[in-house]
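*Asks:* The lines below spell out each chain.
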Amino acid sequence: MPAGTLYRGREGMWSWVAHRVTGVLIFFFLFVHVLDTALVRVSPEAYDDVVATYKTPIVALLEYGLVAAILFHALNGLRIVAVDFWSKGPRYQKQMLWTVMGIWIVLMVGALYPVLGHAVREVFGS
Amino acid sequence: MSLNKEATDATAIGDVEGVTLYDVDHPAPVIEAPRKRTKKTPKATRGNFEMYGWLFMRLSGIVLVVLVLGHLLIQLVLDGGVSKIGFAFVAGRWASPFWQAWDLIMLWLAMLHGANGLRTIINDYAERDNTRFWLKMLLYTATVFTVLLGTLVIFTFDPNIR
Chain P
1 MPAGTLYRGR
11 EGMWSWVAHR
21 VTGVLIFFFL
31 FVHVLDTALV
41 RVSPEAYDDV
51 VATYKTPIVA
61 LLEYGLVAAI
71 LFHALNGLRI
81 VAVDFWSKGP
91 RYQKQMLWTV
101 MGIWIVLMVG
111 ALYPVLGHAV
121 REVFGS
Chain L
1 MSLNKEATDA
11 TAIGDVEGVT
21 LYDVDHPAPV
31 IEAPRKRTKK
41 TPKATRGNFE
51 MYGWLFMRLS
61 GIVLVVLVLG
71 HLLIQLVLDG
81 GVSKIGFAFV
91 AGRWASPFWQ
101 AWDLIMLWLA
111 MLHGANGLRT
121 IINDYAERDN
131 TRFWLKMLLY
141 TATVFTVLLG
151 TLVIFTFDPN
161 IR
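Top line first, the protein sequences correspond to chains P and L.
Those letters in the first sequence? Residues 1 to 126, per the numbering used here, in order.
Those letters in the second sequence? Residues 1 to 162, per the numbering used here, in order.
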């Protein structure tokens, strides 16, 4: 491949890629989530059995990943709305992406204990 | 007007020196703008579906930010996080029409938002006509099934099922 022909987009392209990937992941989880919730129409035991898997340490880690995907998709989605509807949006799209990432990191740190705390206690005792 | 005479005598195309066929006395013919709509223009046959889809993604997205982040806060953060979830917890929340409506609107908006997103992705990456068609049929079937199932569950929930 000749040097310099590969398009390596910057913040704009990578946020677009991440928005797609997180969107697909969230959508697939949503299918599963509606199905597991539907078990409340089967019996309380069936529902509680499945929800018990949501409380295991490994699935807690997946939940943390789900929270990460949803928070990014939500915050970046608001950025996209701003780019499309705010007259100065396109000019500040990069700054808005870094703002999104900043808020995302703060919220992810905040979610550490609530989402993973019980898993850590279960794995390491106490 | 020697310039003009020379041009009309020779060729319809001006030469590289910049000789032009037209001047104030011989204006160029007016060419109608290609997209100008007239009474003879046929009505658009495709409608504005994609524009409404684009608008829907943004409007539903804004609402979903509130509904989904609120949902995550209640289910995963407040009051013991995921540990407290169980049949009794669901029964307690769906006793209130407010939370029933919350979950119903969230279900519909999230499924339509996600389905439209996946439709876009299928259109982008599935290159063969047949593949694209069947992937979208699968998507629409799964979407309709999930939306109806979820709606049914919310409306027919029975806390005294035992």
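Hints were generated in silico from the structure; no laboratory data involved.
Watch out, some of these pointers could steer you wrong.
[Unchecked claim] Capping the alpha-carbon separation at 20 Å, the derived lysine to aspartate or glutamate pairs in EDC-like fashion look like this: (1) L/Lys39 / L/Glu50; (2) L/Lys84 / P/Glu122; (3) P/Lys55 / P/Asp36; (4) P/Lys55 / P/Glu122; (5) L/Lys43 / L/Glu32; (6) L/Lys84 / P/Asp49; (7) P/Lys55 / P/Glu45; (8) L/Lys84 / P/Asp48; (9) L/Lys84 / P/Glu45; (10) P/Lys94 / P/Asp84; (11) L/Lys136 / L/Glu50; (12) P/Lys94 / P/Glu11; (13) L/Lys84 / L/Asp103; (14) P/Lys55 / L/Asp79; (15) L/Lys84 / P/Asp36; (16) P/Lys88 / P/Glu11.
[Claimed, not checked] Rough simulated footprint, nothing fancy, chain P against chain L, three-plus residues with beta-carbon under 8 Å: (17) 29-39; (18) 52-62; (19) 65-72; (20) 108-114; (21) 117-125; (22) 140-149.
Beta carbons are placed, not taken as given, at the ideal position from N, Cα and C, and that holds for glycine.
*Asks:* All the hints need checking, so say for each whether the structure fits it.
*Replies:* Status of the hints after comparison with the structure:
Between the alpha carbons of L/Lys39 and L/Glu50 the distance comes to roughly 25 Å, so the proposed pair goes past 20 Å and is violated. At roughly 15 Å between alpha-carbon atoms, L/Lys84 and P/Glu122 fall within 20 Å of each other, so this suggested pair holds. At roughly 14 Å between alpha-carbon atoms, P/Lys55 and P/Asp36 fall within 20 Å of each other, so this suggested pair holds. Distance hint between P/Lys55 and P/Glu122 is fulfilled; the C-alpha atoms sit about 10 Å from each other, no more than 20 Å.
Straight-line distance between C-alpha atoms of L/Lys43 and L/Glu32 comes to about 19 Å, which keeps the hinted pair within the 20 Å bound. Taking the CA atoms of L/Lys84 and P/Asp49, the gap is near 13 Å; set against the 20 Å cutoff, the hint holds. Pair hint P/Lys55 plus P/Glu45 holds up; C-alpha atoms about 15 Å apart against a cutoff of 20 Å. For the suggested pair L/Lys84 and P/Asp48, the alpha carbons sit about 11 Å apart, so the restraint of at most 20 Å is met.
For the hint pairing L/Lys84 with P/Glu45, the CA-to-CA distance comes to about 15 Å; that is within 20 Å, so the pair holds. For the proposed pair P/Lys94 and P/Asp84, the alpha carbon gap of about 14 Å is at most 20 Å, so the pair holds. With a CA separation close to 16 Å, the supplied pair L/Lys136 and L/Glu50 stays within the 20 Å bound. Straight-line distance between C-alpha atoms of P/Lys94 and P/Glu11 comes to about 6 Å, which keeps the hinted pair within the 20 Å bound.
This hinted pair checks out: L/Lys84 and L/Asp103 have alpha carbons roughly 18 Å apart, not beyond 20 Å. For the proposed pair P/Lys55 and L/Asp79, the alpha carbon gap of about 14 Å is at most 20 Å, so the pair holds. The suggested pairing of L/Lys84 with P/Asp36 holds, with an alpha-carbon distance near 16 Å, which does not exceed 20 Å. As the CA atoms of P/Lys88 and P/Glu11 are separated by approximately 17 Å, the hinted pair is consistent with the 20 Å bound.
Only when three residues or more bring their CB closer than 8 Å to a CB of chain P does the claim for the stretch 29-39 of chain L stand; here the count is 0, and the claim is violated. Counting residues of the stretch 52-62 of chain L whose beta carbon lies closer than 8 Å to any beta carbon of chain P gives 3, which meets the minimum of three for the stated coverage. Only when three residues or more bring their CB closer than 8 Å to a CB of chain P does the claim for the stretch 65-72 of chain L stand; here the count is 4, and the claim holds. Requiring three or more residues with a Cβ within less than 8 Å of a Cβ of chain P, the coverage given for the stretch 108-114 of chain L holds, as 3 such residues are present.
Counting residues of the stretch 117-125 of chain L whose beta carbon lies closer than 8 Å to any beta carbon of chain P gives 3, which reaches the threshold of three, so the coverage claim holds. Requiring three or more residues with a Cβ within less than 8 Å of a Cβ of chain P, the coverage given for the stretch 140-149 of chain L holds, as 3 such residues are present.
Hints 1, 17 from the earlier list are contradicted by this structure; the remaining hints agree with it.
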